[in-house]
Amino acid sequence: MSRVVEITRAGVTLGGRPIVRDVDVTVDSGEVVALLGANGSGKSTLVKAMVGLYPLSTGRIRLFGEELSRFQEWHRLGYVPQRSAIATGVPSTVAEIVGAGRLSRRKPFVPMRREDRIAIREALEAVDLADRSHHQVSTLSGGQQQRVLMARTLAGRPELLVLDEPNAGVDLESQQAIANTLGTLTAAGATIVVVLHELGPFADLIQRTLMLREGRLVYDGPPIDPAHPDHAGHHHHHRPTTPPLLRPGVRAPFDGGQS
Amino acid sequence: MDILLTPFMIRALIAAAVTGLSAPAVGTFLVQRRLSLMGDGIGHVCVTGVALGLLTGTSPTFMAVVVAIIGALLIELIRSTGRATGDVALALLFYGGIAGGLLLVSLAGNGVLALQGYLFGSIVTISTSAMVASVGLAAVVLVATFTLLPQLFSVANDEDYARTTGLSARFYNVLISVLAAVTVSVAMRTVGLLLVSALMIIPVATAQQFSRGFKVTMLGAMAAGTLASLTGVTLSAFADVPPGATIVLVALAGFALTFPLGLVVQRRRRAQMPFPVQDGFETHEHDTVDEPHRHEHGPGCGHPAVEHGDHIDYIHGGHRHAAHGGHYDEH
Chain Z
1 MSRVVEITRA GVTLGGRPIV RDVDVTVDSG EVVALLGANG SGKSTLVKAM
51 VGLYPLSTGR IRLFGEELSR FQEWHRLGYV PQRSAIATGV PSTVAEIVGA
101 GRLSRRKPFV PMRREDRIAI REALEAVDLA DRSHHQVSTL SGGQQQRVLM
151 ARTLAGRPEL LVLDEPNAGV DLESQQAIAN TLGTLTAAGA TIVVVLHELG
201 PFADLIQRTL MLREGRLVYD GPPIDPAHPD HAGHHHHHRP TTPPLLRPGV
251 RAPFDGGQS
Chain F
260 MDILLTPFMI RALIAAAVTG LSAPAVGTFL VQRRLSLMGD GIGHVCVTGV
310 ALGLLTGTSP TFMAVVVAII GALLIELIRS TGRATGDVAL ALLFYGGIAG
360 GLLLVSLAGN GVLALQGYLF GSIVTISTSA MVASVGLAAV VLVATFTLLP
410 QLFSVANDED YARTTGLSAR FYNVLISVLA AVTVSVAMRT VGLLLVSALM
460 IIPVATAQQF SRGFKVTMLG AMAAGTLASL TGVTLSAFAD VPPGATIVLV
510 ALAGFALTFP LGLVVQRRRR AQMPFPVQDG FETHEHDTVD EPHRHEHGPG
560 CGHPAVEHGD HIDYIHGGHR HAAHGGHYDE H
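Residue numbers (the working numbering), protein chains in the order written: chain Z, 1 to 259; chain F, 260 to 590.
For the record, the hints were derived by calculation from the structure and aren't laboratory data.
Please read these numbers as outputs of a predicted model, since none were measured by experiment.
One should not assume that every hint holds.
Partner residues are not named here, just some residues of chain F that face chain Z (Cβ under 10 Å, in silico) [stated by the list, open to error]: (1) T423; (2) G472; (3) K474.
Label pairs and their computed distance ranges (CB to CB) [to be verified]: (4) F:L511 to Z:H134: 29 to 35 Å; (5) Z:E66 to F:V523: 52 to 58 Å; (6) Z:H134 to F:V523: 18 to 24 Å; (7) Z:D24 to F:I329: 22 to 28 Å; (8) Z:G169 to F:G395: 29 to 35 Å.
Here chain Z is said to cover these stretches of chain F; the calculated rule only asks that three of the stretch's residues, wherever they fall, bring their Cβ under 8 Å from a Cβ of chain Z [what the hints assert, rightly or not]: (9) 366-375; (10) 424-432.
Even for Gly, the Cβ is constructed at its ideal location relative to N, Cα and C.
This is chain F alone, in the form it adopts within the complex (with noise of 0.2 Å):
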């Protein structure tokens, strides 16, 4: 255990918390516009901006914050003129990104190796100061995603209805790309660029088995990969395994794990679901049902409720039966 309290310990269990927070939070929004791969383009592209730094001898973490936003900006120009599609425009941003980092590492004189921290984590080896900017940025993308939560959540749930009610879509999609840029740099030095993008999906498609509503989801994810980033950094100080990996095998332990209760949980959800009132219902001859019910369906009698227009139906032996007057009909 005392290996925990150790400096570096500390420092790698912190920063691997505030990943865990942030990464979920922004995913959340990533998810609900079918940018899934977002995370991944900006880790891509970040490869550049670490090779700047090492190139021009600043900081790689600096540079691959600048690098980022203005990849984000590129990703959300590109997919809302239209001129390609969400993946492709992702796609031209990843090849571009990972192959102009190696081609200026390599200018750099540093052999691709000098990317290798990058690329996948390095958090035990994360100085305080690196460790401080994280938990600044990681809490700068938290507050801009808290306190502007309805508004991000309107534009990514309906655009087009959002723009109606005046707020900028633009505006919207554009700070989601950046906080997603900002929070890649973040997770860099936790998870690495190329597994980046995990830790801002898996968590969600963790919480999203189970929530109803949106905060919730976002809420779950968090708190999911949070989880999954300390679990994994134990870890690896005990087992001697490279940190970023073991953080989001981890996280995806968590999906494996929680998959079966998912399934029984949304199937459950879509057998309440209400069956659909056909036009011209009411006219329908009414079937009575023959055989003589020994019990009377209500709330809690067993048999699984479904509402049914005005009514519920009660799932009985394959059968939809509606109480109708003393008797039950079929529906």
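So that you can see chain Z by itself, here it is in the shape it has in the complex (with noise of 0.2 Å):
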């Protein structure tokens, strides 16, 4: 069992303002891991932090045994941020965007390749959009645009999956197609650190679960769903929930993970 994602001590100051803070985790090859907590708990910096966009105030960072500031091997992590601008400015296509997750593993001035072409083709298929790959990406709807972003990862053929909110503002079809794949993934023994609001359609994907509450790590343990109240309008059933174990500062023992 090969540790992904080794996080010690970590803490993340933004403009002064310390918003993760002390956080211990670590991941395991092959573990998909949900990582809760409400608006401004300081999921995504944390998240942002473990992909290396924004620097650690405190602690360290390891991704598959290498420290973040030496880490090279990027085609081993693929990071599907939130709501990306990839539609604004001057349009692109499917294909151009998807084509940028190639960019891990091509060299400068090197045309692309066959092998690209495949990744590309098979990435689009992944998340069925291989229809739209010359479509204009500003004309597709929100939950497409999420797809196309998972697609443009996945095109990258990564071992680490990192995705932040996949469900932000997606319909439940694309919700669905986008469990589909990761489901796929972990089939074929991929890791995934996934932040959610809530479990939804990921609800049977997700063995673990962590929990920030205001920058710190309240929970670390058997997947639990943040059932909301406020979701009236859903009809997917929540699974019985177990209790929530929000004991702050207690962690669940790391066991080896099973996977």
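Mind assembling these two chains? They're in different frames, but the hints should get you there.
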């Protein structure tokens, strides 16, 4: 069992304000981990630090055993940002956006090879957008755009996927499509860290949840769904909820993970 | 027609063509990064470079390239450290550059008139060596732009994501800035420093009305830019008007003439955007359309077809009709 993510006493300070504080998390190969928390709890900030977009103010992060500052094997990492601005500015096609996902494996000045084209096509097929490759991204629906972001990351064939709220503003059909894609990847051995507001269609995939509150890790253990009473409009079934084991500062022991 | 075949016109046309090709290529990235005015900022900084050249008796063009690159790096530095937003960074350099240039020119004992050829372009007096330099610099810009297109596109389109694929966003941002600086120096002789930015931006605005993709936008902008440059120089030869201003006005006319058509194309594309699928949509009681349909909706039936989740809605008399079994539902 290899350690894929190792976060040790990590803190992130943005503009002088501590957002993430003293977080310890490890994720092993093949695990599917949901990172939950209210708005402003620091979950997005934590995953951005995890993929190297924010510097740490304290502690350290290792990916695949390598310090983030020295990390070079970017093709092993796949980040899916929340609500990217891909559809703004100069028009771009779905294929162009997804092609950017291959750059972790391509060298500068070397033209696109056959394997790149195959990876792009397969990534689009995986999110069910193969017929859209030459469409302008801004003419797609929000859910389809989120699937484009997903395909872009898949095109790089990463071992670790880090997704930031893939469900935000996305229709149920697309949510389900994304969850199905992740299911396939998990079966193939991928490691997944996904920031979620609620488990929703991901509930069956998640093996472990982390919960942040005010920048601190307050829960790490078997899946819980923060059953929000304000989702009466939903008609899917929340699974019978495990009582939320929210004991601040107490963490379930790492048992090496089962995967 | 003979006038077009005179040596100075041939040189002018060649210089115009390479400017028209390279300026929009770099401009496409500037528009994507919302730095449309960057070319203007660099142009103003170039005034200091030209003045330095005049003051020291060296080549104004060479000094313009050097100072433009320094200015571009400064803009990028100010922007990326977040000390000032992009447009404030540009404004600081605008005024510093042009004021510094005017001061240096007066120190050199030349009147401000010495700057005129650089501010407004002087393409018909371009020397063979200056033309060769323009062609060379434009070639550098185009080769760099096209060989690194995937990387430059990724960083301009989604900088954060690009960084997680191992690309150095700083390197590619600086590269675009340097390419913009070189382009400004190339275009200085053609349209002049004050109008340089127009040739970087207007063709992109024209092309993106019709294109779906980034590369196509770029190629379209290059075609539009080249066409405007060549037309402008030719017109100025016959009508005795300043070439720089004519080139920019032709480019603007191109945009203005295609604008109505662009509106139609944009409108049509927007009309085809899928309707959003609401959560819980499938729980709706479905409303059957009352009126009997005399024809079947389908591809090419004449009613606008819009995607809606897993099916197609047809816009029919202001209603959204979706086939359901043997009848149509109101969606």
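A quick look at each hint next to the structure:
no., hint, in the structure
1, T423, "4 Å, holds"
2, G472, "4 Å, holds"
3, K474, "7 Å, holds"
4, F:L511 to Z:H134: 29 to 35 Å, "30 Å, holds"
5, Z:E66 to F:V523: 52 to 58 Å, "54 Å, holds"
6, Z:H134 to F:V523: 18 to 24 Å, "20 Å, holds"
7, Z:D24 to F:I329: 22 to 28 Å, "46 Å, violated"
8, Z:G169 to F:G395: 29 to 35 Å, "49 Å, violated"
9, 366-375, "violated (count 0)"
10, 424-432, "holds (count 3)"
Hint check: violations occur at hints 7, 8 and 9; the rest are consistent with the structure.
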